[in-house]
Amino acid sequence: MILLFIGGRPSYSGEGKVYRRIVVLSPAAADILHHLKAVELVVGKTKNIELFPKAVKVGTHVRPNVELVASLHPDLIIAASERFFSRRLADKVGASFYLYNPTTLEGILLHIQKLAKILGKEEEGWRLVKHLKAKLDQVKFPQKRPRVVYEVSQRPYLLAGKKNIVVDVVERAGGFYLLRASRKFVRLSCERVRFLRPDFYIYQVGPMNPSPVSPDKRRCLKELNFKVLKVNELGFARANTKSFDNVLLLNKLFMEWAGE
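Under numbering that gives the first Met the number 0, the sequence shown has 70 at position 71, and the numbering climbs by one with no breaks.
Among these hints, one or two may not hold up.
Said to hold, decoys possible - Between beta-carbon pairs, the in silico distance windows are:
#1 Leu195 x Lys134: 27 to 35 Å
#2 Ser210 x Lys36: 36 to 44 Å
#3 Gln137 x Val227: 43 to 51 Å
#4 Val55 x Ser210: 29 to 37 Å
#5 Leu135 x Lys91: 34 to 42 Å
#6 Asp215 x Val65: 29 to 37 Å
As the list claims (entries may be wrong) - No farther apart than 30 Å at their CA atoms in a straight line, the calculated lysine-lysine pairs in the BS3-like style are these:
#7 Lys241 x Lys113
#8 Lys134 x Lys229
#9 Lys134 x Lys91
#10 Lys216 x Lys251
#11 Lys53 x Lys36
#12 Lys91 x Lys56
#13 Lys116 x Lys129
#14 Lys139 x Lys226
#15 Lys46 x Lys162
For the record, the hints were derived by calculation from the structure and aren't laboratory data. Don't be surprised by glycine CBs; every beta carbon is placed ideally from N, CA and C.
Just need the whole structure built from these sequences, with the hints factored in.
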């Protein structure tokens, strides 16, 4: 049985089936399962997921141990992409495959609703969606929108593209994201960013950007007059409930910048 997500909207072929043994290969989805109170359903997880202490660690999300996954007899595998664990592999171990890769806040809400349904957690899903929408209702758009870029990595120099959740977070917070490329990551020159003249330069620190130099200290960017914001990659770049908190954080900063 295969679950597919096309164009960010959920659809799957196991209508009516409720799952009871889940292996989570998507760190972002782990947060959603936690908030749906589905802890008892998770039998396997990647080693960088701190939630679900009783679940067996099955490797990393980029190198899962297929034999170990199979030994857990899962009926559902949740992954962030098919690059490291495919639908074909899920079929071989007798499990349905669920692709969790939302690129917008609306996409996150759709995934919550679908996961809640197939896990028998409809009430929890309804409450969670209502709670997250209430956070968005608190947002007030500044009259002057700040121009924003988000650095994924200094070396190689990569910025977030439109298929990255952080872009929707920025724009729902009232910012104008300067790159419109329909990719998750955009390779760009420092000179190009200087030409774009952002008002906010957000850069992440984490596995993809372990030891970056603060942007305002870099030779090619020093002449620019921008606000610098350092964020934790694991708390900002994953599409889950924390994305809604990040909207509120940025909205507050954008409103202060605009003098409102």
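Hints versus structure:
no. : hint                        : result
1   : Leu195 x Lys134: 27 to 35 Å : holds (29 Å)
2   : Ser210 x Lys36: 36 to 44 Å  : holds (38 Å)
3   : Gln137 x Val227: 43 to 51 Å : violated (25 Å)
4   : Val55 x Ser210: 29 to 37 Å  : holds (32 Å)
5   : Leu135 x Lys91: 34 to 42 Å  : holds (41 Å)
6   : Asp215 x Val65: 29 to 37 Å  : violated (46 Å)
7   : Lys241 x Lys113             : holds (19 Å)
8   : Lys134 x Lys229             : holds (22 Å)
9   : Lys134 x Lys91              : violated (41 Å)
10  : Lys216 x Lys251             : holds (25 Å)
11  : Lys53 x Lys36               : holds (14 Å)
12  : Lys91 x Lys56               : holds (20 Å)
13  : Lys116 x Lys129             : holds (15 Å)
14  : Lys139 x Lys226             : holds (20 Å)
15  : Lys46 x Lys162              : holds (26 Å)
Violation of the numbered hints given earlier is confined to hints 3, 6, 9; the remaining hints are satisfied by the structure.
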